[in-house]
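*Asks:* So the sequence lines, in the order shown, correspond to chains A and B. To convert a position in the first sequence, counted from 1, into my numbering, add 7. To convert a position in the second sequence, counted from 1, into my numbering, add 431.
Among the hints, a few may not be true.
Short derived list, chain B residues pointing at chain A, Cβ under 8 Å [stated by the list, open to error]: (1) G479; (2) E481; (3) K482; (4) N667; (5) E742; (6) R761.
Just so you know, these hints were derived from the structure itself, not from any lab. Ideal Cβ positions, reconstructed from N, Cα and C, are used throughout, including at glycine.
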Amino acid sequence: MTEILDVSKIINEINKELPNCIVKNNDDSVWIRPDDIKKVCSILKNPQGLDFSFLTSISAVDYIGYFEIVYHLTSMRNNYSAIIKTKCYGRKNLALPSVIDIWKTADLQEREIWDLMGIQFQGHPNLKRILLWEGFDGHPLRKDYLGN
Amino acid sequence: MTGIRTEPVTVNLGPQHPSTHGVFRLRVTFDGEEIIDLEPVFGYLHRGTEKLAETRNYTQIVTLTDRMDYVASMSNNLAYVRTVEKLSGIQVPERAQYIRVICAELQRIASHLMATGFLLNDIGALATPLIYCFREREKILDLFEMLCGARITLSYMRPGGIFQDADSDFWNALDILIQELPHYLDELEALISKNEIVLARTRSVGILSDADAIDYGVTGPILRASRVKWDLRKANPYEIYNRLDFEIPIGVEGDTYDRFHVRLLEMQESVKIITQCIKQIEKGPIRANTPYFIRPKPGETYQSVEGPKGELGFYLISDGGVSPYRCKVRAPSFINLTPLKKMMLGWKMGDLITILGSIDIVLGEVDR
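Start from the sequences, fold in the hints, and give me the full structure.
*Replies:* Shown next as structure tokens:
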């Protein structure tokens with residue numbers, strides 16, 4: 008069975024190298040300050056540490072007051088998983104550091120989030136619309152998107 | 432040959448092209464015959480499934496999942512209903528779990544047959560092997576028709592179980608199919624996997640190393656062809672997979688041939704799984720007592736299954752209402768396209784089609 012890794016182990020591992028970047032946590036997820044997300048991800052990927060070599064998926068959720076970006080991570084060697092989250096406040100000019108340098112699989116997924124949710128990823132080499140066409144007005148997965 | 436200069440040429444492959452398996456466009460730059468740059472362009476089949484799901488109730492969304500990977504609807508149904516069950520704490524009767532596993536494995540065989548047939552079609556073995564594959568797939572679709580009346584967009588599974596029990600006609604036909612299938616799969620293997628032309632076109636073409644496969648987030652037969660022994664049916668057994676005995680075939684090199692061969696071997700394993708399920712299944716209820724309007728408690732969950740294309744996951748968030756607040760799909764076909772450039776750069780025009788065919792994408796799932 009793929010276990011959900013004990014949150015305290017994740018917090019310890021992050022705090023060892025980068026204190027004060029954890030906002031809060033619950034039973035299965037850890038919230039990180041948005042600016043630190045890339046550094047935290049590279050700490051978690053470290054093969055000598057927790058070894059989260061596989062980024063299962065990146066999801067974005069619109070909670071109207073803020074956007075939440077959710078990273079589902081899996082360690083294939085140790086067969087456990089973890090959930091890392093971060094919050095982006097506001098509706099305009101949202102930006103997060105891209106994790107494409109850490110996991111190349113972020114490429115298409117970050118483009119999809121930019122396209123449908125309107126969150127930019129700084130450091131992504133080719134951040135443009137993917138499912139909709141260039142020139143499309145708005146980001147349809149947002150809760151306030153009305154369409155025509 | 433010094434002094435001869437070539438100009439790079441950009442060619443559009445698709446969106447309407449028989450080898451792109453749907454409406455998919457590749458913008459490829461060639462230097463002579465060699466690929467020096469490429470960019471996939473998709474979205475032609477984007478229907479906004481995730482947005483549509485936010486306005487439908489949990490039972491209705493089953494029909495949306497059919498239309499993503501439309502050659503493997505059963506696996507999509509299974510991934511989705513499992514997530515809803517986890518989110519709302521529904522216990523599924525054992526008989527339903529067995530039937531669901533049988534259906535998912537039948538669907539895996541059908542999907543792999545299509546992948547194999549079309550790959551050979553793309554290589555240039557026009558239609559003949561494809562018809563061999565379609566002949567077997569047809570029998571599986573007939574079985575699905577006996578279960579629920581549909582052949583492609585099945586909507587057979589429900590949160591809490593299945594739509595209706597399988598009748599005796601189905602079990603008889605399944606017995607015959609299971610006896611015949613290994614023979615046909617052997618025949619397919621004998622016809623193809625030692626064929627000199629197939630070997631010349633696929634061996635060592637489009638190699639993806641194990642480290643790259645993990646880094647690019649690839650799953651399913653492509654990951655296993657790259658020697659990574661990772662299958663969610665073993666790594667994180669769902670339904671009743673922990674009671675079944677089966678192997679995970681892996682590749683040797685991670686080339687196009689391995690991707691095709693792993694699928695052939697997986698079909699044999701699926702037959703083994705179904706045989707065991709038929710032996711173990713017992714009579715009983717086929718559906719938990721769930722209301723039509725399911726209202727899970729506020730919360731979220733991510734659940735995934737090993738679909739024919741790879742890890743198919745659903746991330747559902749409930750706010751306590753009758754529809755999900757957010758329904759995100761981790762689509763394996765979509766993410767498996769990430770290493771396309773890595774696999775194709777430096778290869779020739781003819782190899783492009785072979786490599787794309789070996790990834791086995793379904794555009795309904797890529798674009799959603």
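*Asks:* Can you verify the interface hint for K482 (chain B): is its Cβ closer than 8 Å to any Cβ in chain A?
*Replies:* This interface hint holds because 6 Å falls under the 8 Å limit.
*Asks:* Holds or violated: is there a CB of chain A closer than 8 Å to the CB of G479 (chain B)?
*Replies:* Where the cut-off is 8 Å and the nearest Cβ of chain A is about 6 Å from G479 (chain B), the hint holds.
*Asks:* Does the nearest C-beta of chain A fall within a distance shorter than 8 Å of the C-beta of E742 (chain B)?
*Replies:* 7 Å, holds
*Asks:* Would the stated hint for E481 (chain B) survive a check requiring a Cβ distance to chain A of less than 8 Å?
*Replies:* 6 Å, holds
*Asks:* A closest beta-carbon separation below 8 Å is what the hint needs, so does R761 (chain B) meet it against chain A?
*Replies:* Where the cut-off is 8 Å and the nearest Cβ of chain A is about 4 Å from R761 (chain B), the hint holds.
*Asks:* With 8 Å as the cut and Cβ atoms as the points, is N667 (chain B) at the interface with chain A?
*Replies:* Holds, because the Cβ-Cβ distance from N667 (chain B) to chain A comes to roughly 4 Å (cut-off 8 Å).
The earlier numbered hints are all upheld by this structure, with none contradicted.
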